[in-house]
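J.: Chain residues, written in single-letter form:
Protein chains: 2
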Amino acid sequence: MNKGKLYLIPSPLGETAFEHLFPPFNSTLIHSLDYFIVEEFKTGRRFIKKMGMPKPIDQLHFFLLNEHTRPKEVEALLEPLLSGFNMGLLSEAGTPCVADPGSLVVNKAQQMGIEVIPLIGPNSILLALMGSGLNGQKFAFNGYLNRDRKLREKELKFYESLVFKTDQTQIFIEAPYRNNHFFESMLEVCSPELKICLGVDLTTDQQLLKTRTVSQWRKEKIDLHKRPTVFLMGK
Amino acid sequence: MNKGKLYLIPSPLGETAFEHLFPPFNSTLIHSLDYFIVEEFKTGRRFIKKMGMPKPIDQLHFFLLNEHTRPKEVEALLEPLLSGFNMGLLSEAGTPCVADPGSLVVNKAQQMGIEVIPLIGPNSILLALMGSGLNGQKFAFNGYLNRDRKLREKELKFYESLVFKTDQTQIFIEAPYRNNHFFESMLEVCSPELKICLGVDLTTDQQLLKTRTVSQWRKEKIDLHKRPTVFLMGK
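Protein chains in written order, with my numbering: chain A, 2 to 236; chain B, 2 to 236.
Derived by calculation from the structure, the hints in this document are not laboratory data. A portion of the hints provided could be inaccurate.
The list treats identical chains as one, so a pair stands whether inside a single copy or across any two.
[Stated by the list, open to error] Below, a list of computed lysine-lysine pairs in the DSSO-like style, where the Cα atoms sit at most 30 Å apart: (1) 155 x 222; (2) 211 x 236; (3) 158 x 220; (4) 139 x 155; (5) 220 x 56.
With the hints as constraints, model all of the structure from the sequences given.
T.: Below you can see the structure in the form of structure tokens.
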């Protein structure tokens, strides 16, 4: 029997009309599927409904994947693929497998020789990098830094030194309710001439995408509390 | 006078139906513009025509940006924005400003307080990362390595050591006619247990997106000559 294909399906980053976010093919593809892996049942179902799924939602099969999923459970998630069914893997927000647990499933799928097909959609890291004006020939995404202020500031100094030494743009995210603390640390420890880009509420009406030097940012007042933000450092 | 906005407009990576690649808004937006910055006149005009531009193409204004463009010329490119016109910045393939000269313009635009708005579309680096199953919580794009074989292999060993030390996925591209040499170097110097993902001809009918260990790849025969490829290393 032929194995099914695993489709990686991007979701919105916020409240935005779908015609801004997804190629029409994405909904065509979603309509063809019966099996989905999601991070949360509720948001997964809601998204699939909004994408115009013509089949009754309760006839579809949903499987849960999050950071608590164990390796053995990951294997079980792939059963429908081995039985020949195509599956969709959804992220809570943005593209699956980038800064989310999706890569656990894809990793296993790759090992099992299952065809993996990523679809096009919004990714906040990529959009922020594009719009930052910072070096796009060399960049690193470092995810979350340490929550302890002292340790985080030490890490920020290290990443700043990479920017000045190698011109590699450094990209970070933080839990949205800690954004202000994170940005304060950046302005506290980084050199005045370092450039920082904030990509805030990307793809929504509230979008802010702004690159300034540390010394310029120090003169501005901005509240990032609970606003999804990508932080970038560059020369 | 209000300044214009700079839209970052993705292009196809190969021959693919547009409904697979772009949200419908992208064409709506393109139709509204009269000023475009492109890497090549011919491909830029062809793409805009294919996106259904209702205005005669020869009434539009095209400006050239490539790796030979000097800083002073970059400023001149932004004149229409200062006069209140919106502009579109196009890449030759994929999303502007990632592994292409677009960030020169965006950098200047950010300095001048011009609003920059990235649109959604195909990016080979992101698609390859999503489909690789490698770590998407920490990754670095390193662009092109040295053309000299000895130096390139030294660099590859260094990046491999980063993978094993920090679990940061390492991403590279190469000029397509040199892909086979690059891949040979990887198989030559990297450890048998290192995972390599190839993302080849992404978004097209010929798409290959496959992750295997170095020792598995050594047993396969694959010709990457002139096929656009993203190379990834991971644990």
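J.: Take the hints in turn and mark each one as holding or not.
T.: Now the hints, each set against the structure:
1. For the homomeric pair residue 155 and residue 222, the shortest alpha-carbon distance inside one copy (24 Å) is at most 30 Å, but the shortest distance between copies (46 Å) is not.
2. Proximity of residue 211 to residue 236 under the C-alpha cut-off of 30 Å is restricted to the intra-copy arrangement: shortest distance 14 Å within a copy versus 35 Å between copies.
3. Only within a single protomer do residue 158 and residue 220 lie at most 30 Å apart by alpha-carbon distance; the minimum there is 21 Å, versus 44 Å between protomers.
4. With identical chains, the CA atoms of residue 139 and residue 155 are at most 30 Å apart both within one copy (22 Å) and between copies (18 Å).
5. Neither within a single protomer nor between protomers do residue 220 and residue 56 lie at most 30 Å apart by alpha-carbon distance, with minima of 54 Å and 44 Å respectively.
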